[in-house]
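> Protein chains in written order, with my numbering: chain A, 119 to 493; chain B, 1248 to 1429.
Read the hints as simulated data drawn from the structure, not as lab findings. One or more of the hints may lead you astray.
Below, simulated BS3-like cross-link-like pairs (lysine-lysine); rule was C-alpha separation at most 25 Å, straight line [what the hints assert, rightly or not]:
{"id": "1", "chain 1": "A", "residue 1": "Lys128", "chain 2": "B", "residue 2": "Lys1258"}
{"id": "2", "chain 1": "B", "residue 1": "Lys1362", "chain 2": "B", "residue 2": "Lys1397"}
{"id": "3", "chain 1": "B", "residue 1": "Lys1307", "chain 2": "A", "residue 2": "Lys128"}
{"id": "4", "chain 1": "B", "residue 1": "Lys1362", "chain 2": "A", "residue 2": "Lys128"}
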Amino acid sequence: MTTFDEEMMKRALHEAADDFAISDGAIERILDEARDTAVSDESPRIRAFIQRNGTVRSTVFAVAACVVLLAVAVPLFNSEGPANKKVQFSALPIEKVGTHGDSGVVISGTGSLAGQVSAVGTSSPVTLTAGKTVKSASASSLDSSLRVEEVGTIELSVGGTHFQSTLTQLTDFATTDGGFVASTQSHVGNKSTHSYSTGTIVLQVPEHNFTMLVDQVRHAGVATSVDTSATDVTGQYVDLQARINALQVSRTQYLKIMSRTNSIGGILSVQNQLNSIQSQIEQLQAQLNLLNSETTYATLTVALSEAGHRVVAPPHTGNGVEMAWHDSLHGFAVGVEWLIRIAGPLLFALLLLAVLLLLGRWTWRATERRRGGIS
Amino acid sequence: MSDAIDVDELKTWLEDGYASSVRTAYLILGNRPDAEDAVQESFLRAWKFRDSLATGSSFKPWLYRVVVNTCNSKLRKEIPHRNRRRPDDDLDDVAMIEDPIGRVTLSHDMISALKDLPAHLRVVVVLRYYVDLSEHDIAIVIGRQPGTVKSRLNEARRRLALHPALQSEAPSSITARKEKRS
């Protein structure tokens, strides 16, 4: 590589610069200028601010750090943890939320203005659906035309000696509340054969008594799981009614046409249309009746089991290795979920940090430039 | 009262550093009026913000930092948008006017080559070979890392060695050497 001789460069630069004659009076001009500008100098406050540069810089960095921390923390705290399940609570809770009994079972519920109600327990082996028109105390403020189909399942654990009496008690609850027992299924255990008593009873009560029934059943034994939900079927109900009305109008029109038709062919053609319409009306009416029935009565399924035996827990057939494998997969999925969850806030925080650093750098250099003309 | 004291301090600064500062600015900017303007502005600015010089910091790099940045500001904002000055103001012409016969050629060609360097390379060359600052001090002056200074010096030396004006000189006055890689 070819380079230039440094000594020669020094000598040449000094020779060139030394030939630059200093102007007479240049220093005096600068001094005069300095005296003039001394009067109109910056205010002490600004200078003090600039002199506190170290503190200002530290403060700026501290504020930036706080902003970044908040940017990361707030979305993370607002998001759910990987092991938590989503639970929504809205303005119209129907079921109670809390811990029931000594079993530590957490009973939670969600409700909405649309009338949907659900409760989630630890397990739900038996699923039962029922319907009713909401007129319960907690939903009394809703429109009377609101149609809600409600589902309820309770797992109840009772002492072995109280199994039969509890069944009877549950039947009494239903009849007392104006309802009835839709079905029962029971198995009486025998200690000599190490079998336990189990049973399932389906209760249907008028919708306004459903909440009371649930409360009564929960206290009839030890509730290990309470699961209730409600589905708003008002739209479906109204839709069925409208379609039926429309078909009925059509049927009336066809009947009028039929009365004015004289030809055999015309009569047969209209008759076919009438048959089709009548069939549709009957189908829709059946659906409406079913829906009406479901929304008139709420249904509660009670799974009874003798204390110490859970009828609902599905038997796990896997061995330890299989369980460990499933746990491992679950853990992996949870980790991926967590990474995805924090990726957004983290990216936002990095972008924010970059912007803050750029701003800080720009401010710092501007300050430096003001102080010493340095860029 | 304090202003009077400060102006006395400025007078001391000027007596100590005006000549070298204005010549440095002259080598960087290439003409006398801009050099004098830049140095005047630099001293006033340095005196205005004299309290910002940290205790224990070296005064010379700090002052040159102000000078260099004022020159850079002029190179960026003023000189490119201005009509050419009179030829007598130019660096090479001034250098030719009063040179003794024995060194006219060297100075002229060196200054000519220096003018062709980009400003950021010209600054480090002037600071290193005229002001005689160390690479560390130059780094402070231009606000870059010492490695950057070294890199720029190497680049400047390479360009100067390849400059036609310097290559046409006799080997006795300009020595270009080739460094072979080991």
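> Each hint needs a verdict: does it hold in this structure or not?
A quick look at each hint next to the structure:
1. Annotation: proposed proximity of Lys128(A) to Lys1258(B) is violated, straight-line Cα distance about 29 Å (limit 25 Å).
2. For the given pair, Lys1362(B) sits about 20 Å from Lys1397(B) by alpha-carbon distance, which is consistent with the 25 Å threshold.
3. A C-alpha spacing of about 19 Å is found between Lys1307(B) and Lys128(A), which places the hinted pair at or below 25 Å, so the restraint holds.
4. Pair hint Lys1362(B) plus Lys128(A) holds up; C-alpha atoms about 16 Å apart against a cutoff of 25 Å.
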